[in-house]
Structures are given as C-alpha cells and as structure tokens.
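K.L.:
As a plain string of letters, each chain reads:
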Amino acid sequence: MQGRSSDRLEMPLTTLRNGETGTVTSIRVGGGRGFGRGWGFEKRLMDLGLTPGTKVTVVRSAPFHGPLEILVRGSRLALGRGMAEKILVEIEKR
Amino acid sequence: MTKQKLVIALAGNANVGKSVIFNHLTGLHQHIGNWPGKTVERAEGTLHFKGYTIDVVDLPGIYSLSTYSLEEVISRKYIAIEKPNIVINVVDASVLERNLFFTLQIIELETPMIIALNQMDIAKKKGIEIDPETLERLLGAPVIPTVATKGVGIFQLLEKAVDMIEKGRPSTPAKVKYGEEVEEKISQVAKMLKGIQFWYPPRYAAIKLLEGDEEIEREASRIDPHLVSATKKLADEIENLHGHSCSTVITSERYELAGCVAREAQKIVPPSKPPIEDRLHTLTTHRITGYPIMVFSLLFMFYFIFAFGGYASELLNNSLYRLQPVFADLFGTALIGELVWGGVIEGIIAGVTIALPYIVPFYILLYILEDSGYLSRIAFLMDNVMHKIGLHGKAFIPMMLGYGCNVPACLGCRIMETERERFLAAFVTTLVPCAARTVIILGLVGQFLGVQWAFVLYIFNLLIIFALGRIASRALPGESTALIMEMSSYKIPQLKTVFKETGFRVAEFIKVAFPLIVIGSLAIKLAEVLGLLEQVAAALSPITVVWLGLPVITGITLIFGVLRKELTLIMLATLLGTANFAQVLTPVQMIVFTLVTMFYIPCIATMAALVREFGWKKAFAITIFEIAFAITLGGIALRLLSNVM
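Which chain is which? The protein sequence lines are Y and A, in order.
Under the working numbering, read the first sequence as residues 1 to 94, first letter to last.
Under the working numbering, read the second sequence as residues 95 to 739, first letter to last.
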C-alpha cells in the first residue's frame with residue numbers, strides 16, 4: 001500500500017462527499033495507548049469496526065455541520081463530526 | 095442427576111432483539127433491578143423447562159467486552175466470574191460481521207455458548223443469506239436461526255441450550271487465532287501469567303494485557319507490578335512492527351477473523367430496489383424532509399399526551415377527591431384527619447394524577463419510537479444542536495422526556511456514556527418545563543397575558559437551557575464526547591415489549607418518587623396545621639416581596655411547589671381567594687412568578703431521582719444552584735420588565 005502512496009490521498013473522513021468510499025488509515029485521538037478518554041473513543045471506534053484497512057462509505061451528513069452517517073462492515077453508524085474529523089482515510093485520486 | 099437450577103445469560107450487541115428473546119423466554123416472570131452498586135440495569139427472569147428452574151439474565155447490549163463502558167465491564171465480569179451454565183449470544187444476522195466480532199470475544203472467555211442467529215427476516219430483506227451449518231462449523235458452537243419478533247426458533251434455542259448443558263459441548267469451540275507476531279507475544283505473556291489466579295482465563299488475560307485493558311492491568315499490578323511493564327514492552331514491540339498500537343492491531347485482526355467467518359457463511363445479493371425500511375430511513379434523516387417529519391412527530395406526540403393527560407388527570411383527580419368524605423368519616427377532621435388526608439392521601443393523589451395520565455402515555459409513545467428505531471434518527475438530526483451545550487445527539491432523548499416529567503428524564507440520562515455527561519444531561523433536563531410547569535405557564539401567563547407571552551417564555555427557557563448548559567459543560571472537568579451510535583434498521587415496534595418497558599418505568603417512578611412526595615406533603619401539611627406557614631412566608635418576604643415584588647403569600651405557594659409544581663398555581667388561587675389572577679396580580683408579577691416556578695427547584699420527586707442517580711451531594715448542588723438562579727433571574731426580570739410594561 002505504501003508503495004502506491006503517490007496516487008492515493010490521505011484525508012479526514014469528513015472531506016468525503018456523500019456516497020464516496022475511503023479506506024481507514026488511522027485515527028488521530030489522544031496519545032495512543034494508556035489512559036484518558038481519547039483512548040476510550042479510539043477503542044470504541046475500533047470495536048465498531050473502524051479498524052485500519054476497513055472500507056467506509058459516507059452515506060450523508062446532517063446539515064449545518066451535523067454528524068455523518070457512515071456504512072462500515074455492513075452496519076450503519078452515526079458519527080459526530082468532531083469524531084469523524086479524526087478518522088483519516090485514503091481514497092483513489094479523484 | 096437431580097433437577098437443579100440453571101443460569102442462562104443473554105449477551106449481544108444493542109438492537110439485536112435480545113430483550114425480545116428474553117421476554118419470550120421468561121414471560122411475566124421477570125424483574126428489572128440494578129447491578130449491585132451500579133446504575134446499569136439488570137434484567138432477570140425465571141422459566142421452567144424439562145423440570146429445571148432456569149434463571150435468565152439479560153446482559154446489557156454492548157459491542158465489545160473491553161472497558162469502554164460500565165456495561166462492558168459488568169458483562170464480562172458476569173460471564174467470567176459468575177459463570178452462567180451457558181451464554182446465548184444473540185447475533186443480528188443482518189449485520190453479521192460486527193456481531194461476530196463480539197461472538198469471538200465470548201469464545202475467548204472460554205464459556206459454553208450457543209448462538210441465536212436473530213433477525214433473519216431483516217437480513218433476508220437486505221438480500222443476506224446465511225448458512226447456519228457453515229457458521230456452526232466455523233465457530234464450533236451451535237447456531238439456531240431465529241426471528242424473535244415472531245417467536246420463531248425460540249423453543250429450539252431453549253431446547254438446544256439445555257441439551258448442551260446436559261451433554262456438554264457437541265464440538266470443540268473454535269480458537270481465535272491472531273497473526274504470528276501477536277500469537278507469539280500472547281504466549282509470552284501467558285507464560286508470565288502462569289500460576290497466577292485470574293478471574294479470567296489466562297489466554298484472555300494475556301490478550302487483554304497486551305491491549306492495555308485498564309481493569310486487568312489494575313488486577314495484574316496488584317499481583318505483580320513488574321507484569322504490566324513487561325507486557326507493555328511486548329506491546330510496544332508489536333506497535334513498532336505494525337505501525338499501529340498493539341490494541342489496534344489485535345482489534346483489527348479480530349475483526350479480520352470475524353470478517354472471514356462472515357464472508358464464508360453468508361451470501362449477499364443486494365435487492366434490486368431498496369426495501370421500504372431503507373427508504374423510510376432516507377426520508378427521516380434527509381436534510382430537507384427529516385426535520386419537518388421530526389417536528390411533526392414530536393408535536394403530535396406532545397399534543398396527544400397533553401390532550402389525553404389533561405383529560406385523564408382531571409377524571410382521576412375528581413374521582414379520588416370523592417374519597418375525601420370517606421376519610422373524614424374515618425379519621426375525623428381534627429389534626430389526625432387533616433394529616434392523613436392533606437398529608438398522606440393528597441400526596442399520593444398528586445403522584446397518581448401526574449404519574450398515570452402523563453407519564454404512562456409518554457412512555458408508551460417513547461418506547462414505540464425507540465423500538466421502531468426512530469429515536470436514533472432523532473438523535474442523529476439533533477446531534478448538532480446538542481453539541482452547543484456540550485452534549486451529543488443522544489441527550490436529546492432525556493431532554494424530550496423532560497417535557498413530560500423530569501423524573502423519568504433524569505433516570506433516562508443513563509443512556510449517556512460517561513458520568514460527566516449523565517450529570518450534565520440531568521442538570522439540563524431539570525430546567526426543561528415539565529407537564530406541571532406547563533400548567534403554570536399556560537394557566538397563568540397563557541391565559542391572562544396571551545399565548546404569545548407563554549411562547550416567549552418557552553423560547554426564553556430554551557435560551558437559558560442553552561446558556562446554562564454551555565457554562566456547565568465548560569465548568570465541569572473532562573472532555574465532552576462525540577456521538578457514536580448505531581442506526582439499526584427500522585422495525586415494527588413490538589407492543590408487548592413497549593408495554594412491558596412502560597410498566598417497569600412506571601413502577602420505578604412510583605418507587606423513586608412516591609415516598610418523598612408523601613413525606614414532603616406530610617411535612618408541609620404539618621407546618622400548615624401548626625400555623626408555621628405564615629411565619630415561613632413572612633420570613634421569606636425579603637425575597638418574595640422585596641426582591642421579586644410578589645405578594646407575601648407566594649412564599650407559601652412556592653414551598654408547596656416543591657411537592658408538585660402546578661400546586662403553586664392551585665395554592666395561589668386558594669390563598670388569594672380567586673382564580674381570576676388578573677385582579678390580584680399585575681402582568682409583571684405573573685411573568686416573574688412563572689419564571690421563578692419554571693426554574694427555582696426540581697420538584698421533590700425529581701430530587702429523589704437525582705439523589706438516586708448521582709448521590710446527595712450532586713443532587714443538593716443542582717437544587718441550591720437552581721433556587722439561587724431562579725431568584726436572581728426573577729428579580730432581574732422584575733426590574734427590567736417594570737420599565738417596559
């Protein structure tokens with residue numbers, strides 16, 4: 001995957017347009033392993049299936065910078081925008 | 095073998111039909127309480143089958159067995175420590191992969207398990223076909239397809255569960271195998287753990303230590319502090335190797351495995367045209383159609399509740415007050431009679447006439463909304479707004495409840511994930527004008543100053559809620575959390591489940607609120623009989639008369655309002671000798687009085703709910719704050735309005 005990084009873009013999930021699909025690369029929360037809520041939410045996202053390498057489709061976003069509706073591993077999740085901004089995905093160059 | 099007691103635990107994700115299966119299994123023989131010392135609900139029931147008495151425990155709906163929430167910790171401790179005879183893992187066939195991620199964790203807990211492959215009908219509509227035999231072979235645990243809402247497969251499920259308890263496992267359970275590097279570290283940690291007695295199986299403990307699980311780390315460091323640092327080092331090695339934290343790597347690999355199993359067991363042929371559930375989902379979450387539908391549904395709901403509640407409340411009130419002569423005959427009209435009627439019975443009547451007419455229909459409609467899945471769509475639409483007060487979309491639900499009654503609303507704050515948010519949501523909720531306060535707003539301001547003024551007060555109330563919510567969210571320590579919520583497919587609500595939930599909630603309300611209502615009304619009645627009320631009113635006059643510009647007797651009504659808010663208005667009419675308030679109160683006084691009653695204190699039943707959920711200290715803090723705030727606000731309003739009106 002790294003070898004082809006030239007024709008791939010890494011961006012926050014929130015930049016995807018409705019209907020677009022990306023692959024999760026990482027989640028930028030807190031200081032990684034250990035304590036604090038950051039870890040808890042990263043873990044929560046993982047537990048819901050947003051692990052690196054997973055395909056995510058943005059179905060729609062609520063108006064006025066509301067939450068996103070995403071499809072991941074066949075399940076439909078609502079994700080607060082602040083959280084979604086921390087999920088980095090890569091997509092094929094448009 | 096003597097026929098003995100068996101314990102079956104139901105475990106699974108949220109919204110998979112777990113409680114429907116629970117209801118089928120246990121019928122009416124169930125009770126809902128709390129886990130010891132926790133605010134997490136514990137539903138338990140009994141059934142008799144083949145001569146066994148079987149206890150069924152419905153564990154909370156969760157997505158993982160880590161330490162993200164109290165529910166997760168409780169569930170996994172229950173499975174590991176209490177060791178139920180068997181765990182029935184309820185799996186949503188329409189979201190197989192994510193559900194199997196949870197299944198794999200139960201397998202890792204090395205507990206006997208069978209799988210209820212539920213919601214087969216929803217899966218079919220989505221074009222998902224699952225082969226139970228393949229799943230059974232891959233997981234090494236029996237799989238029973240079920241459609242719980244129609245009662246399909248429940249008997250087979252129970253039969254299989256008991257059969258498995260009697261005969262032991264039919265096949266060896268699958269082993270959750272990770273990648274080579276991770277497996278190597280797991281066995282290294284497991285070796286270190288050798289000889290140490292954990293609650294959890296050694297392999298499970300080893301995996302969780304590598305994941306950085308706080309609870310198990312605490313447990314381990316108590317036994318040997320060196321252990322945690324040693325596992326941390328191993329975890330770091332994994333991190334260096336994969337570029338992701340060890341916890342991420344393990345979770346990913348577990349999901350990979352769940353995905354493999356799901357892909358092998360299911361065939362997906364998407365239907366040519368989206369099912370009606372999906373179209374309904376699009377319509378109700380759409381940026382143009384979503385909001386009008388929501389507003390319309392909520393307005394309809396509140397209209398129905400108030401129309402029905404007002405009618406039923408009056409009916410109940412009238413028929414209950416007909417009992418007064420009976421009591422007068424029984425206890426006389428002297429002190430004792432006064433206390434029994436005015437203190438105890440009127441307190442109970444107050445509870446009954448509020449609880450039953452408003453709360454019952456409110457809960458029924460609310461659970462219909464919840465069961466159908468619409469509530470999560472509302473949370474989706476309102477997330478943005480709730481963020482302005484440091485909460486997220488889910489908090490809109492208790493807030494909505496608050497317009498009916500603050501008591502269930504405070505109890506409903508449990509749906510929030512963290513203690514901080516529960517408290518913040520409860521605080522905001524107590525500011526929401528409940529049905530009783532609506533009576534005052536409409537009965538005083540609405541009636542005598544016009545509906546537009548009542549409307550202004552509602553808007554003002556919302557503004558205050560937002561302002562105070564924002565301030566409180568800044569002041570409270572800790573971060574605010576974001577919405578992470580599943581929106582499962584729309585379902586036709588199960589009336590049986592709806593009525594059952596309503597029944598439990600009403601019982602809970604009665605248990606929490608009634609004792610305090612009765613005690614409170616007895617105390618106030620006693621004060622009245624002893625002639626203390628006038629003195630109290632006089633003592634309060636610097637506040638009521640000087641600062642708020644209200645008649646002296648409002649001091650008395652405000653004290654009664656602690657019992658139930660609409661009493662302030664009823665008492666005011668009694669004490670002033672007229673219900674035509676325009677004769678005795680100026681428009682400004684009406685507004686000030688209404689403002690104060692709107693905010694000044696959570697009623698006694700709400701306080702009981704707050705104490706129950708957050709303890710005396712926090713309940714007290716909210717109460718004191720709101721009294722001070724209402725008085726300050728009322729005085730300022732008086733001074734501002736006097737210049738204008």
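None of these hints come from the bench; they were simulated from the model.
Treat each hint with caution, since some may be false.
Derived lysine to aspartate or glutamate pairs resembling DMTMM-like cross-links, with alpha carbons at most 25 Å apart [to be verified]: (1) Lys55/Y - Asp372/A; (2) Lys86/Y - Glu278/A; (3) Lys326/A - Glu347/A; (4) Lys361/A - Glu20/Y; (5) Lys55/Y - Glu204/A; (6) Lys86/Y - Glu347/A; (7) Lys482/A - Glu20/Y; (8) Lys55/Y - Glu513/A; (9) Lys86/Y - Glu350/A; (10) Lys86/Y - Glu308/A; (11) Lys55/Y - Glu20/Y; (12) Lys86/Y - Glu191/A; (13) Lys86/Y - Glu333/A; (14) Lys99/A - Glu253/A; (15) Lys55/Y - Glu223/A; (16) Lys86/Y - Asp330/A; (17) Lys171/A - Glu309/A; (18) Lys590/A - Asp149/A; (19) Lys55/Y - Glu253/A; (20) Lys55/Y - Glu347/A; (21) Lys55/Y - Glu580/A; (22) Lys171/A - Glu223/A; (23) Lys367/A - Glu20/Y; (24) Lys86/Y - Glu358/A; (25) Lys55/Y - Glu308/A; (26) Lys86/Y - Glu513/A; (27) Lys55/Y - Glu333/A.
K.L.:
A separate judgement is required for each hint: does it hold in the structure or not?
P.N.:
Hint-by-hint comparison with the structure:
{"no.": "1", "hint": "Lys55/Y - Asp372/A", "in the structure": "holds, 21 Å"}
{"no.": "2", "hint": "Lys86/Y - Glu278/A", "in the structure": "violated, 32 Å"}
{"no.": "3", "hint": "Lys326/A - Glu347/A", "in the structure": "holds, 19 Å"}
{"no.": "4", "hint": "Lys361/A - Glu20/Y", "in the structure": "holds, 24 Å"}
{"no.": "5", "hint": "Lys55/Y - Glu204/A", "in the structure": "violated, 31 Å"}
{"no.": "6", "hint": "Lys86/Y - Glu347/A", "in the structure": "holds, 22 Å"}
{"no.": "7", "hint": "Lys482/A - Glu20/Y", "in the structure": "violated, 28 Å"}
{"no.": "8", "hint": "Lys55/Y - Glu513/A", "in the structure": "violated, 33 Å"}
{"no.": "9", "hint": "Lys86/Y - Glu350/A", "in the structure": "holds, 22 Å"}
{"no.": "10", "hint": "Lys86/Y - Glu308/A", "in the structure": "holds, 23 Å"}
{"no.": "11", "hint": "Lys55/Y - Glu20/Y", "in the structure": "holds, 10 Å"}
{"no.": "12", "hint": "Lys86/Y - Glu191/A", "in the structure": "holds, 24 Å"}
{"no.": "13", "hint": "Lys86/Y - Glu333/A", "in the structure": "holds, 20 Å"}
{"no.": "14", "hint": "Lys99/A - Glu253/A", "in the structure": "holds, 15 Å"}
{"no.": "15", "hint": "Lys55/Y - Glu223/A", "in the structure": "holds, 22 Å"}
{"no.": "16", "hint": "Lys86/Y - Asp330/A", "in the structure": "holds, 23 Å"}
{"no.": "17", "hint": "Lys171/A - Glu309/A", "in the structure": "holds, 10 Å"}
{"no.": "18", "hint": "Lys590/A - Asp149/A", "in the structure": "holds, 21 Å"}
{"no.": "19", "hint": "Lys55/Y - Glu253/A", "in the structure": "violated, 40 Å"}
{"no.": "20", "hint": "Lys55/Y - Glu347/A", "in the structure": "holds, 15 Å"}
{"no.": "21", "hint": "Lys55/Y - Glu580/A", "in the structure": "holds, 17 Å"}
{"no.": "22", "hint": "Lys171/A - Glu223/A", "in the structure": "violated, 34 Å"}
{"no.": "23", "hint": "Lys367/A - Glu20/Y", "in the structure": "holds, 20 Å"}
{"no.": "24", "hint": "Lys86/Y - Glu358/A", "in the structure": "violated, 32 Å"}
{"no.": "25", "hint": "Lys55/Y - Glu308/A", "in the structure": "violated, 29 Å"}
{"no.": "26", "hint": "Lys86/Y - Glu513/A", "in the structure": "holds, 23 Å"}
{"no.": "27", "hint": "Lys55/Y - Glu333/A", "in the structure": "holds, 22 Å"}
Of the hints listed earlier, those the structure fails to meet are numbers 2, 5, 7, 8, 19, 22, 24 and 25, in rising order.
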